[in-house]
Amino acid sequence: MAGELNFSNEIFSNFAFYTCVVLLKLLFLGLLTTVKRITKGVFANPEDCKRFGDPDKLKPIFNDAGVERVRRNHLNDLENIPAFIFAGLLYVLTGPDPSTALWHFRVFAAARILHTLVYQLELQPWRAIMHVVCLTVTMSMLVQVLMVAKY
Amino acid sequence: MAGELNFSNEIFSNFAFYTCVVLLKLLFLGLLTTVKRITKGVFANPEDCKRFGDPDKLKPIFNDAGVERVRRNHLNDLENIPAFIFAGLLYVLTGPDPSTALWHFRVFAAARILHTLVYQLELQPWRAIMHVVCLTVTMSMLVQVLMVAKY
Amino acid sequence: MAGELNFSNEIFSNFAFYTCVVLLKLLFLGLLTTVKRITKGVFANPEDCKRFGDPDKLKPIFNDAGVERVRRNHLNDLENIPAFIFAGLLYVLTGPDPSTALWHFRVFAAARILHTLVYQLELQPWRAIMHVVCLTVTMSMLVQVLMVAKY
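Quick note, the sequences are listed as chains A, B and C, same order.
Here the first sequence is numbered in numbering that gives the first Met the number 0, starting from 0 and rising by one per residue.
Here the second sequence is numbered in numbering that gives the first Met the number 0, starting from 0 and rising by one per residue.
Here the third sequence is numbered in numbering that gives the first Met the number 0, starting from 0 and rising by one per residue.
Mixed in with the good hints, there may be bad ones.
For chains that are exact copies, the list does not tell them apart, and a pair is met inside one copy or across any two.
To be verified - Within a straight-line C-alpha distance of at most 27 angstroms, the following computed BS3-like cross-link-like pairs (lysine-lysine) qualify:
(1) Lys35 to Lys149
(2) Lys56 to Lys24
(3) Lys149 to Lys24
(4) Lys49 to Lys149
(5) Lys39 to Lys58
It is worth saying that the hints were derived from the structure and are not from the lab.
Quick caveat: nothing in here was measured; it's all calculated off a predicted structure.
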């Protein structure tokens, strides 16, 4: 059962749970962008201005600080979350120690959620620290996969 | 056979088919960007202007409305398609009802293709509706995975 | 054993190795962005300027040519690397010829690394050629999956 993609494999089941958590966090940033755009009346497409915006502000705006902050946060997630999930899937298949694996997933998910929080609250060096924590977890799993994989 | 990543598992086979469809749609937007850039002579890198552009327009341009629209569309795909595929892969492994699963995949793929179409045709509120449909499918699969996964 | 996601399946093991290689390359671009931002003092967030920047240059800068080039390169990776990994995972499960599969992975990984190199060295038409090579590999795998998958 070790190293199988099956919910009766505890490691895989934990991986699936934390993958869902970080994907929900990723999708949440899309919703936050929409909420910020509508409440501020800041849109990137003329048809959005017409449909959802104030009739007096009908031009796209590309430099609103609040909206751009959420967009940078979202892009940072895209740069890191898929890499974590791919690395994690391969890592599960190496049949790692269950407790070590669980802590990899837990630490990444917690650091990624805190990363979003401190990004929106404009807190440095916390954002940098959370970013390094996430990178370290992904790198650790990649190295462990490379030690098992043939080239 | 239920819940296995194997082409003789009908649910997985359907998932693989619709994954290919949405990935081809994603890659198509990359090609559309290239076509728009070359036909309009709008490039982001000086070396592209020199190699592919009009000798009279040798400066990068970052604010062409047509090119930027395709780029926003492409980024939106990156925000949603990998999340769907990850969620779908885990969902297949929960061993769902084949017909329910098939409709999840079909609705997402159809809504994502229509999303691109109405994005390029500048049609609102259709783009918002297609976006919500895609999000709902991904969320539905994530919730079903969370109900099976251990934490 | 053919078509199984197991490190004793040689095709999967090769796939896992090259997936790690391209993910490390993707994460490397994130580090390169950070290095360029810090050495040039070019940041996107006011709190980053305050924490890591020169006290005389406290405003975010969004148009530094060097930083923007790395960022475009990074986004291009996001548009292509996850698609390759998803396509590759499904392709492994079709049970392809081991040698053909290995060359798909090798060519993609090599072309993607060279793509980054020539992007940063501003070399055209080499960047376009590497991009087409990567796309061709991903498309080839997607077509082979579509030939096996049910719809």
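Verification of the hints:
1. Lys35 to Lys149: Result: close neither inside a copy nor across copies, 47 angstroms intra and 34 angstroms inter.
2. Lys56 to Lys24: Classified as neither: same-chain Cα gap 31 angstroms, cross-chain 33 angstroms, threshold 27 angstroms.
3. Lys149 to Lys24: between (34 angstroms within a copy, 18 angstroms between copies)
4. Lys49 to Lys149: Answer is neither; intra-copy 56 angstroms and inter-copy 42 angstroms both fail.
5. Lys39 to Lys58: For Lys39 and Lys58, the Cα distance is within 27 angstroms both inside one copy (13 angstroms) and across copies (23 angstroms).
Violation of the numbered hints given earlier is confined to hints 1, 2, 4; the remaining hints are satisfied by the structure.
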